[in-house]
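There are 2 protein chains.
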Amino acid sequence: MHMNKKLLQTLIENKDFKQIKNNINNMNIPDVAELIEELDNTYSLLIFRLLNKITAARVFSYISRANQKKFLLLVNEKELKKLTDELFLDDKVDLVEEMPANLVKKILKTSDEKERKLINQFLKYPKDSAGSLMTIEFIDLKKELTAAMSLERIKKLGYNKETIYTSYVITNTRVLEGIIELKDLVLEDSNEKIENIMSKNVIYVNTHDDQEYVASIFKKYDLLSIPVVDNEKRLVGIITIDDIMDVVELENTEDIHRMAAIEPSHTNYLDENIFILAKRRIIWLLVLMISATFTGLILSRYEEALESVVALTFFIPMLMDTGGNAGSQASTLIIRSITLEEIQFKDIFKVILKELGVSSIVGIILAILNFLRIYFIQGYSIKISLIVTMTLMLTVMLAKIVGGILPLIAKKAKLDPAIMASPLVTTIVDTFSLIVYFRIATLILKI
Amino acid sequence: MHMNKKLLQTLIENKDFKQIKNNINNMNIPDVAELIEELDNTYSLLIFRLLNKITAARVFSYISRANQKKFLLLVNEKELKKLTDELFLDDKVDLVEEMPANLVKKILKTSDEKERKLINQFLKYPKDSAGSLMTIEFIDLKKELTAAMSLERIKKLGYNKETIYTSYVITNTRVLEGIIELKDLVLEDSNEKIENIMSKNVIYVNTHDDQEYVASIFKKYDLLSIPVVDNEKRLVGIITIDDIMDVVELENTEDIHRMAAIEPSHTNYLDENIFILAKRRIIWLLVLMISATFTGLILSRYEEALESVVALTFFIPMLMDTGGNAGSQASTLIIRSITLEEIQFKDIFKVILKELGVSSIVGIILAILNFLRIYFIQGYSIKISLIVTMTLMLTVMLAKIVGGILPLIAKKAKLDPAIMASPLVTTIVDTFSLIVYFRIATLILKI
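Protein sequences appear in the order of chains A and B.
Count the first sequence with UniProt numbering and you get residues 1 to 447, in order.
Count the second sequence with UniProt numbering and you get residues 1 to 447, in order.
In short, the hints are calculated from the structure, not lab data.
A portion of the hints provided could be inaccurate.
What the hints assert, rightly or not - Where chain A lies over chain B, by a calculated footprint (3+ residues, C-beta under 8 Å):
no., region
1, 141-150
2, 177-190
3, 213-224
4, 298-310
5, 333-345
6, 361-371
7, 405-419
Unchecked claim - Keeping only pairs whose Cα atoms sit at most 20 Å apart, straight-line, the calculated SDA-like set for lysine to any residue is:
no., chain 1, residue 1, chain 2, residue 2
8, A, 183, B, 186
9, A, 411, A, 349
10, A, 279, B, 360
11, A, 219, B, 65
12, B, 183, A, 181
13, A, 219, B, 219
14, B, 220, B, 342
Unchecked claim - Here are the computed distance ranges between Cβ atoms for each label pair:
no., chain 1, residue 1, chain 2, residue 2, range
15, B, 43, A, 270, 52 to 58 Å
16, B, 156, A, 14, 38 to 44 Å
17, B, 356, A, 155, 55 to 61 Å
All values reported here derive from a predicted model rather than from experimental measurement.
Yeah, the Cβ is synthetic: ideal placement off N, Cα and C, and Gly gets one too.
All chains, full assembly: derive it from the sequences and hints.
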């Protein structure tokens, strides 16, 4: 399906440029990008120079940031223009945002005045907003046109647009009035006026809407693209589904990082320097130590009990680990369900009931198995065995209920459930399990 | 943008059915579905009966499984046919798979012989395979046609297809030869033969490919749809991006569940019964207790040390919690990077170096802050303070390195990194931190 790297190297060694050129300009863009990234600088530049203008720009937008930078430093001014001329505006803005100053200057030099203005305007949209995600390459129509006239306009504008499947109908002051799908233009009578076939029920977002919200709208309505308007409902751009796919992955990465108590970041792990990686982790490690202070205090309060029955110490790690795991199972399930909008705050009593049921089952099974292990296999006294298993069961039950409700409360308080739940669940469960442990112990052992 | 529920109820009370009908048939399908789900059974059936045939079927495919079931039990046979007739085949197959037997019988009764055969064939594809995800509603063309003739055929076939933006060019034996985008058909000279404008570089998948692989192909090539072929490369269906968006969310949910040591499931939390929820959690809680056995054993080996210096006990939870958190930060970052294909096994030395750097920074900061707290604020002896902080630092370093490399090793061994890493990291870090703690303690305290 795609050209072999070895074959390509043979062709390069044989200086069979015609064959190479013929091959690579007919390959799929992401495959060419992959090939170019695998070759060393000399070869990749050579290959790159054989690509036609449009393919070159598209391949460029597919290679990694690090390689883009290397490339832009290698090429001459004319080639730089060839590259950036055909880039979509949103890709160019991303490039300007992330390249070093000397390269930015070079890139902006290849743009005309009008484009430079647009780039500056784009740079002002907040990161993660619809405005920073949109492209301005779209097809606008007037409602007075016929289907045939619209198709003519699309043909005229068409080739360079990121998507031509949807056209946007606007007034003279650029206010969004309706949308029309290419398929409807093709399927309808060619003399029909746009006005009569467009959909007036337009789903749109504002430039300042958050990208997570935009993604949820895409999912709800199964969209391929969405118009972006300003505060006067004037059409300023569109967002296409390929960018939304990336947003969905990024948001999922953020959620996963937050659940593991790491400050989320969009940078590739291997590209990030160790000081930034350390900074992203240290904050939450420190916060999570708050719980450690509590457990230390509780243990020192029960110093006498610990001195007289050292065996009590042996089960502390097991009790705390199991409580922690049981709690994070519940909180992870609930946090994910909140993200997917399957659970809301009003379901809190259903969640409590469910977790009560689940934790009873899980707690009883774990308690029985542990009793068997501690009493029969390890040979501890019946009293110690009872203390440990009773604590285990209560800890699991509390951990699951607290793990289930805290994310919902965090959400209700407009805090991020993934950030807030984890440290609080740990602190509450750790503290509770130790207090219960020693209460039961002092009661049964009469110490 | 959409009709208010209260307004609708007023209209229902006033029996203004004409107004209701007019309104709901012009609303966006997902909004109608949302409205119907919020109303009680009598009202929702009433509203549903006012929808025209195609809208009714589309609305139906948007409501939740639980409500679909309720609906199918409420409607009469004729209405059931109205509903299921217009469903896409893939949606109908999903319905047959998940509804109770009595309803399945009813649904199959509304299908003709040919469709029943197709449904049975679909049911044989493995769950999570491309075959079970595809739809058979697509446009096939022959390469001898012209652009104009193709557009005619699309017009004729078009209305009921899930996507008409891409047509598939096949031979007389249905072998896939090429694809052509609707936009190219529109933009090209209408007398041009398909043969000359189609792309022969077709990206396709096999019916038995896993849906996760299909999703990765969509992302790599920014596709809106992909053809699915059998082992003879005959075209049997297509997969569209809306279904892939759902796959991406499901796969992310699975990963998140696995990282929290829960057996993944696709069922909504609130819809799942407590025994299944318990089963999904108990297995890993039991596995994770293996580490608890080790820690118990180590602690009992150092019974004497614990007896003579009880204060050593107070810091055990803090050391183990911090080690656990530090390890899961590293393993989560690496697991996610593996999923996103940013890191491979060959990067293992880079990861070790990075984690060594990060953990040194994090370890030193945590150790210093803890020394200040333990020695100056809590007033423990210099020896105890040193033992605890040295152990803390070594634990954090080991946790991060083990957390960083274990997922890569799991991946290399073709095991799921998310499943394997977490219990192993905990076991190794817990065991190691206690051994180090008591080695240092016995050395410094000479006990």
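Status of the hints after comparison with the structure:
Counting residues of the region 141-150 of chain B whose C-beta lies closer than 8 Å to any C-beta of chain A gives 0; at least three are required, and the coverage claim is violated. Chain A is given as covering the region 177-190 of chain B, and this holds because 4 residues of the stretch bring a CB closer than 8 Å to a CB of that chain, at least three being needed. Under a criterion of three residues with beta carbons nearer than 8 Å to beta carbons of chain A, the stated coverage of the region 213-224 of chain B is upheld, 6 such residues being counted. Coverage of the region 298-310 of chain B by chain A holds [criterion: at least 3 residues with CB-CB distance below 8 Å; count 6].
Counting residues of the region 333-345 of chain B whose C-beta sits closer than 8 Å to any C-beta of chain A gives 7, which meets the bar of three, so the coverage hint holds. Note: the region 361-371 of chain B has 6 residues with beta-carbon separation from chain A under 8 Å; the three-residue rule is met and the coverage holds. Restraint check on the region 405-419 of chain B versus chain A: 0 residues with Cβ-Cβ distances below 8 Å, three needed, restraint violated. Distance restraint check for residue 183/A and residue 186/B: the Cα-Cα separation of roughly 10 Å lies within the 20 Å cut-off, and the hinted pair is therefore satisfied.
With a C-alpha separation of about 15 Å, the suggested pairing of residue 411/A with residue 349/A holds against the 20 Å cut-off. Note on residue 279/A and residue 360/B: the hinted pairing holds, with a Cα-Cα distance of about 12 Å set against a maximum of 20 Å. A C-alpha spacing of about 17 Å is found between residue 219/A and residue 65/B, which places the hinted pair at or below 20 Å, so the restraint holds. Pair hint residue 183/B plus residue 181/A holds up; C-alpha atoms about 11 Å apart against a cutoff of 20 Å.
This hinted pair checks out: residue 219/A and residue 219/B have alpha carbons roughly 16 Å apart, not beyond 20 Å. With a C-alpha separation of about 13 Å, the suggested pair residue 220/B and residue 342/B falls inside the 20 Å cut-off, and the hint holds. About 56 Å separates the C-beta atoms of residue 43/B and residue 270/A, a value consistent with the hinted range of 52 to 58 Å. Range check, residue 156/B to residue 14/A: Cβ separation about 50 Å, and the 38 to 44 Å hint is violated.
Between residue 356/B and residue 155/A the CB atoms are about 59 Å apart, so this pair conforms to the stated range of 55 to 61 Å.
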